[in-house]
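Peer 1: Listed here are the chains, written in short residue letters.
2 protein chains.
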Amino acid sequence: MVNIAVLGFGVVGTGVVEVIRKSNESINRKAGDNINLKYILDIRDFPGHPESSIMTKKPDDIFHDPEVNLIVETIGGTGIAYEFTKRALLSGRHVVTSNKELVATHGPELLQIAKEKNVHYLFEASVGGGIPIIKPLYECLAANEITSIMAILNGTTNYILTSMAKEGKDFDTALKDAQVNGYAEANPTADIEGHDSCRKIAILSSIAYGMFVDYKHIPTEGIKNITYDDQKIAQALNFKIKLAAYSKVLGNKVFARVCPVMLTSSHALANVEDVFNAILVSGDAIGDVMFYGRGAGKLPTASAVVGDIIDIAKNIDRSHMYVWTEKQEDNLLNPGEVETRYFVRVKVRNSEEAKNYINKIFGVTEFIGLLGYQDQLAFITNKGPDKEISGNIDKLKEIASVSKVLTSLRAIE
Amino acid sequence: MVNIAVLGFGVVGTGVVEVIRKSNESINRKAGDNINLKYILDIRDFPGHPESSIMTKKPDDIFHDPEVNLIVETIGGTGIAYEFTKRALLSGRHVVTSNKELVATHGPELLQIAKEKNVHYLFEASVGGGIPIIKPLYECLAANEITSIMAILNGTTNYILTSMAKEGKDFDTALKDAQVNGYAEANPTADIEGHDSCRKIAILSSIAYGMFVDYKHIPTEGIKNITYDDQKIAQALNFKIKLAAYSKVLGNKVFARVCPVMLTSSHALANVEDVFNAILVSGDAIGDVMFYGRGAGKLPTASAVVGDIIDIAKNIDRSHMYVWTEKQEDNLLNPGEVETRYFVRVKVRNSEEAKNYINKIFGVTEFIGLLGYQDQLAFITNKGPDKEISGNIDKLKEIASVSKVLTSLRAIE
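If you read the protein sequences in the order shown, they are chains A and B.
Residue numbers for the first sequence follow my numbering, so the first one is 936 and each next one is one higher.
Residue numbers for the second sequence follow my numbering, so the first one is 936 and each next one is one higher.
It should be emphasised that the hints constitute simulated quantities derived from the structure, not laboratory data.
Do not rely on the hints blindly, as some may be mistaken.
As the list makes no split between identical chains, a pair holds if one copy fits it or if it spans any two.
Derived BS3-like pairs: lysine-lysine, alpha-carbon spacing no greater than 27 Å straight-line [stated by the list, open to error]:
#, residue 1, residue 2
1, 1233, 1330
2, 1249, 1052
3, 957, 1021
4, 973, 1332
5, 1050, 1249
6, 1021, 1249
7, 992, 1282
8, 1233, 1183
9, 1188, 957
10, 992, 1295
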């Protein structure tokens, strides 16, 4: 018997309870054991709720009950969720979570405790909602040296960018519509500024490269500066603008970044629209493989949580031991040194002078025609160190023939 | 120590050896044990080969060696491969394979033996090459009732269809080019007639729905009748023609089919080009999730085989027990009763008369304009039982105003 306590009865918590109730029989069959929901912890009242007989506001009801051997943490954040998770693991209980902030922040410590106590700390739901990615990356692709990951990991920003591109909205309108439709939160900062994607690529990279990648050191840009014009021009040029989260391993160092990019429309991620997520993984044997689906939502996320619960039930006496090394301060590459191209669009006072200058400092001779934007120039730079190219873009702001740098986005083929 | 014997040193077998040699250290670390390649069995000579010290032509060298605890079967087919697999499992050895014919044909018996002997019989490589699909389907999505699968499972036919569409080739030229480029075998029957896809959808369906789906009962059509005109017209109408393998569960019965289909270009599978494979899985909690990558090739396939080897090393004392029920003759739905739409293109003698007739028997009033094909009509039927619609299409062949039915393909939105 696996006795479960769900901590936090919000969106994901209710989804987990719903899935367990709905598919109880097939879940028990697949788990080879009875999955018994014993407690739901939440500080709020749910009067008349069908689950009220198992609800409690007292954590000790759970932690003092020796029958509870699996904790589902769906509280979120790094406060009380951290405290409960640590307490659960230290007391020899398995923990399943969807909490990306906690895993990205305290992953190494919590995984170490889980390893010492021979229990599981599983978090498939923390990245990509219901898309199976952590386990496939760690287990199915184990024969590979993973060389890079490129992903769309945030449904909110992808929804906003898609509706800007398809429906000709500016950013503010698209954001408001996303909020009205329930695809963006009232406070959308974590999504639109890229923090959510940043934590997720940190988790994926840690799994893929076997060393803890600290999200605090990943350069992260959001999508607030993307304009309707950017989208219109990208479309005309057969590009898509996406908020990409990507990383690669070079020697024993990792490079990771979150930023909006221009993707050629033939790129595997270019057609990932609306709230969908996709993760493109490259390995030395497999080549490219992609995982695609709904990256958020009550039931998809619950699907991943319950998948982890079943996994634990089948392997209750042994931990999975995701092998992350301890924190290292120096395992991230200087992102300024990593080579990239930029797509640049400028407003010019004197087109010929500007072209000559751009040719001189960027070595660019080909300019992209922008129908309907006669006083503008656009070009794609050669590949070079990020810092050098962005420095050159900064210089453009100071020359007389250029009145404004309208867009500078990394371009990915 | 896991002592491995590789049976069959063909494309996949050499790939497995290559991956184990190349990434030995990281594989051992992830497996938590030493993966030791002890034998390679092949009836051929490989004079001067670097692995010649572990090569043998005598199966008994392997089966009489009690140290060998894991057999990699990469022989293919259902002859000697069946015999060796059965012998290996009965003698308490784990078996990993890429052999889809064997799994699709003798899966229930072999899985039953594996279960009785508490050993693993794993076959991640049998579907989708290196794409992780069997384990994600069985484990990560275990919280779901899987409701349907739609997939492109054969790289050869997808390559041919893509080059017909992109390069304006007819079928025979595209097939020849695929053979020259190594994407089609000298005898391409199993691929182009859909048999390969059929075995793979049978395996996936058996895993997804928890009951053995016998490939012999899955209606299967290949791509030989697809013409250059079909491709040109599909493109103009924003469709893609793909060889689809699909199945769904209805009550306690399964419907499965392999056939070329017209997919709207916004369908998740429509942009799967060249030799790539993709599998779209729908579950009651997850919604849609897609797995995409190279469905064949030496190293991608070896990646999946070695992933299974690592999995076994980590769980050497317990079997996975993929739960398939025994063969049931009556678990497949009558495919004629399943609802579908068809795209139909006919050559007409009298357009108005033909339209009237089509309107009368199909209830269709909208016809698709075919620029450059003045003596032709195209339309998409309403949804109805497959047998009824295909029967009506057959009737078209007999009326005076229609001189020929050029195309009839199931249409999928």
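Peer 1: Hint by hint, note whether the structure agrees.
Peer 2: Here is what the structure says about each hint:
1. 1233 - 1330: Neither: 47 Å inside a copy, 49 Å across copies.
2. 1249 - 1052: both (18 Å within a copy, 18 Å between copies)
3. 957 - 1021: Neither: 30 Å inside a chain and 39 Å across chains, both beyond 27 Å.
4. 973 - 1332: neither (63 Å within a copy, 65 Å between copies)
5. 1050 - 1249: both (17 Å within a copy, 15 Å between copies)
6. 1021 - 1249: both (23 Å within a copy, 26 Å between copies)
7. 992 - 1282: Neither, since 60 Å and 73 Å both go past 27 Å.
8. 1233 - 1183: between (31 Å within a copy, 24 Å between copies)
9. 1188 - 957: between (45 Å within a copy, 21 Å between copies)
10. 992 - 1295: neither (68 Å within a copy, 67 Å between copies)
Hints 1, 3, 4, 7 and 10 from the earlier list are contradicted by this structure; the remaining hints agree with it.
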